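Participant: Each chain, letter by letter, is given below.
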Amino acid sequence: MLKQVEGSHAVAEAVALCRPEVISAYPITPQTHIVEDLGTMVKAGAIKNCEFLLVESEFGALSACIGSSAAGARSYTATSSQGMLFMMEAVYNASGMGLPIVMTVGNRAIGAPINIWNDWGDSMSARDAGWIQLFVESNQQAVDVHIQAFRLAEQLSLPVMVCMDGFILTHSFSQVDIPDQKQVDAFLPTFEPRQLLDPAAPLSMGAMVGPEAFTEVRYLAHHKQMEALQLIPEQAAEFEKIFARDSGGVVKTFDCEGAETVVVTMGSVIGTMKQVLSEMRDDGISIGALTVRSFRPFPKEALRAILKDAKRVIVFEKCLAVGMGGILAMNLRMALNDFPIRVHSAIGGLGGRPITRANLRRMFEKGIRDEMEEPHFHDIHMNVVERELEREHAQRRSGSIAENILQDVGVVAAAKTI
Amino acid sequence: MPQIPESHQKVRFYQTGTLTVGNRLLDAEHRSVQGTMDRSNSLDSGHRACQGCGEALGARFAIDAAMRATNNQLIAANATGCLEVFTTPYPETAWSIPWIHSLFGNAAAVGAGIAAALKAKGREDVRVIAQGGDGGTTDIGFGCLSGMFDRNDDVLYICYNNEAYMNTGVQRSSATPGGARTATTMPVGKDPGNAFNTGKSVPLIAMAHLIPYVATASVHDLHDLEHKVTKAMGIHGARYIELFVPCPLGWGSKPSDTVKISRLAVECGLYPLIEAEHGELTGVTKIRRQVPVGEYLKLQRRFAHVLKPANAHQLEQLQAIANRNIKKFSLIDEQGGQE
Numbered sequence: 040m041l042k043q044v045e046g047s048h049a050v051a052e053a054v055a056l057c058r059p060e061v062i063s064a065y066p067i068t069p070q071t072h073i074v075e076d077l078g079t080m081v082k083a084g085a086i087k088n089c090e091f092l093l094v095e096s097e098f099g100a101l102s103a104c105i106g107s108s109a110a111g112a113r114s115y116t117a118t119s120s121q122g123m124l125f126m127m128e129a130v131y132n133a134s135g136m137g138l139p140i141v142m143t144v145g146n147r148a149i150g151a152p153i154n155i156w157n158d159w160g161d162s163m164s165a166r167d168a169g170w171i172q173l174f175v176e177s178n179q180q181a182v183d184v185h186i187q188a189f190r191l192a193e194q195l196s197l198p199v200m201v202c203m204d205g206f207i208l209t210h211s212f213s214q215v216d217i218p219d220q221k222q223v224d225a226f227l228p229t230f231e232p233r234q235l236l237d238p239a240a241p242l243s244m245g246a247m248v249g250p251e252a253f254t255e256v257r258y259l260a261h262h263k264q265m266e267a268l269q270l271i272p273e274q275a276a277e278f279e280k281i282f283a284r285d286s287g288g289v290v291k292t293f294d295c296e297g298a299e300t301v302v303v304t305m306g307s308v309i310g311t312m313k314q315v316l317s318e319m320r321d322d323g324i325s326i327g328a329l330t331v332r333s334f335r336p337f338p339k340e341a342l343r344a345i346l347k348d349a350k351r352v353i354v355f356e357k358c359l360a361v362g363m364g365g366i367l368a369m370n371l372r373m374a375l376n377d378f379p380i381r382v383h384s385a386i387g388g389l390g391g392r393p394i395t396r397a398n399l400r401r402m403f404e405k406g407i408r409d410e411m412e413e414p415h416f417h418d419i420h421m422n423v424v425e426r427e428l429e430r431e432h433a434q435r436r437s438g439s440i441a442e443n444i445l446q447d448v449g450v451v452a453a454a455k456t457i
Numbered sequence: 383m384p385q386i387p388e389s390h391q392k393v394r395f396y397q398t399g400t401l402t403v404g405n406r407l408l409d410a411e412h413r414s415v416q417g418t419m420d421r422s423n424s425l426d427s428g429h430r431a432c433q434g435c436g437e438a439l440g441a442r443f444a445i446d447a448a449m450r451a452t453n454n455q456l457i458a459a460n461a462t463g464c465l466e467v468f469t470t471p472y473p474e475t476a477w478s479i480p481w482i483h484s485l486f487g488n489a490a491a492v493g494a495g496i497a498a499a500l501k502a503k504g505r506e507d508v509r510v511i512a513q514g515g516d517g518g519t520t521d522i523g524f525g526c527l528s529g530m531f532d533r534n535d536d537v538l539y540i541c542y543n544n545e546a547y548m549n550t551g552v553q554r555s556s557a558t559p560g561g562a563r564t565a566t567t568m569p570v571g572k573d574p575g576n577a578f579n580t581g582k583s584v585p586l587i588a589m590a591h592l593i594p595y596v597a598t599a600s601v602h603d604l605h606d607l608e609h610k611v612t613k614a615m616g617i618h619g620a621r622y623i624e625l626f627v628p629c630p631l632g633w634g635s636k637p638s639d640t641v642k643i644s645r646l647a648v649e650c651g652l653y654p655l656i657e658a659e660h661g662e663l664t665g666v667t668k669i670r671r672q673v674p675v676g677e678y679l680k681l682q683r684r685f686a687h688v689l690k691p692a693n694a695h696q697l698e699q700l701q702a703i704a705n706r707n708i709k710k711f712s713l714i715d716e717q718g719g720q721e
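Protein chains in written order, with this note's numbering: chain A, 40 to 457; chain B, 383 to 721.
Just so you know, not all the hints are guaranteed correct.
Said to hold, decoys possible - No farther apart than 30 angstroms at their CA atoms in a straight line, the calculated lysine-lysine pairs in the DSSO-like style are these: (1) B:K680 / B:K636; (2) A:K313 / A:K42; (3) A:K42 / A:K280; (4) A:K280 / A:K350; (5) B:K668 / B:K582; (6) B:K680 / B:K613; (7) A:K87 / B:K503; (8) B:K668 / A:K87; (9) B:K582 / B:K710; (10) A:K82 / B:K501; (11) A:K347 / A:K263; (12) A:K221 / B:K503; (13) B:K503 / B:K582; (14) A:K82 / A:K42; (15) B:K710 / B:K690; (16) A:K42 / A:K291; (17) A:K291 / A:K339; (18) B:K501 / A:K221; (19) A:K263 / B:K503; (20) A:K82 / B:K503; (21) B:K710 / B:K642.
Because the hints were derived from the structure by calculation, they are not lab data.
In this text, all values refer to a predicted model and were calculated from it rather than measured experimentally.
For reference, chain A alone in the conformation it holds in the complex (with noise of 0.2 angstroms):
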């Protein structure tokens, strides 16, 4: 049913509809909603048989989630920013037990200085953590992907984390189309966990283990995360034929073919991409681009196969591995370094800063002219970074960065200039 809804209201009534039996919740924004609305749904009888858990802390949200789905039941939470910090431990843990819980991330900056706004810091504190990771450009996608995740999961026996931009998504109204119960009955088949708590055959699980079996874990960790890039293109075809909706898959192609330069990045940002780009094929530029939609496991084979004839790629994202450069670049420049084609790394979009029309084309047409730094900061303000270093320089006792960038510019001239 199509509905004019909150991104975050979308989410819960997907997730709704998977029949949860365990959610818990802690408030973090940008996420809270979600749990919000699922806390109402199940108070009002609307999710039948489930629990709905207000836990202390976010440690508590996922460790909630690693007993009830130890013991077969269809777990899920949502988190943000600190709070994926906070649970980090158990974020590892369900992996490496293989639980197959399903986690909305609202993706938000990390602190310090705590900032609540949009960027992948949190999701990329996770990518090594045994978790899949899937990126979703709009909030149908949102509503299409946890349908899929909670599949995916128990059907893997792993962790999903659906990343969904924070406020871009999760705060914005737009039509969505819910799905109906027996569609989601239809695609969805009831958990049958691989291993399960029960008085009726005892077992022992999370017990510890040693370097003589510890290898072979961990390489059957990524065997099935490499299984999971069959599975998750398998899984939105079956879902396209249910729900008539192409939502899933490891990538996205957007007028990529036989592009000179190639735009990569996940997420939301696509959608103001997409009108950029169409204006500067207009223009005739060669140019197109592909959302990563499954950032875990990392889809190298398809990305290779959609990019072998691009001449240079730019990476856009939102993060930065802080003492070396782009995260998502990284990762593409090893499925392609057998590749002779450029790839350009620019971050940008942190801590919420708006990526527009007008700067977004800027930066393509550097880095179509490979004049782009590595790595580019997209839409940075240098002249403020410059003062902040020479008053360092000029001074030991300097104090925070982050308050005299904001004395240097003030709150309102820092709005304008971006």
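Fit chain B to the known structure of chain A by using the hints.
Facilitator: Frame of chain A, contents of chain B only:
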């Protein structure tokens, strides 16, 4: 004035010299779960606990009693620690019940999740225990524990309190008593051992959550432990039992003294045995004959420095704590003696 707890036995048999309660002297229905042929052996033999481990002893009695009380419908979540390590490394396990270890600090939350799953599935006949050592309970797991109490989740949490982080090599926890030597509170300097006026009483904090049942127990009175576990499993909601479990390795005591030390800890007043329901103290185990704390301390090398004349003030402080406990919980009948 707290009442004498409704107990497993009306009569106590104190055998000369040992004060041991004789199981064989009791009527069949009053004998311990552990004394029966159909005990579940939930924590089976062959594990790797040290000789004289109070935790292994306590866990075996506690879980078997819980199994009997729940008709063997029990799942346990375990914090990281000695109990987890000595019972499991794959492919071996000493547990014959469904058992999960997740992390050091989340046993209470994992237990809460299991209980939620069982409720969602309509399997509330299956009951849940979460358990850990004092470090995993009073320190790193404290947030999750408080959350479990706060939500009144249907979980019995058992803390095996050996008063330090034993699995990592005897470091101080917030359950370590004043004066005690640990690897991080060595008996050096002006005030040797652990600082006084630190630490916390989790049983009292549990009571402050107004949960249905809180108790302390000790491995010298395993009948009492079984009784308290059985009682706890007859109640729904969040329950907490803290069990005093000497650690010969960490305390520098003889493995053969584990039970004796437990008894002395209670009899000197340093470890009061209490029961509380919904925040109200409902019972205490009376001390029959108070012993000076020195009798308890002298069997443990972790307190060796306390007994030196130079540290007489520490001995006085520990005696004062014991006296305070006796007064606070009315551990000795003022008329004296009768039980």
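Participant: Which of the numbered hints are not met once you compare them with the structure shown?
Facilitator: Of the numbered hints, 4, 6, 8 and 13 do not hold.
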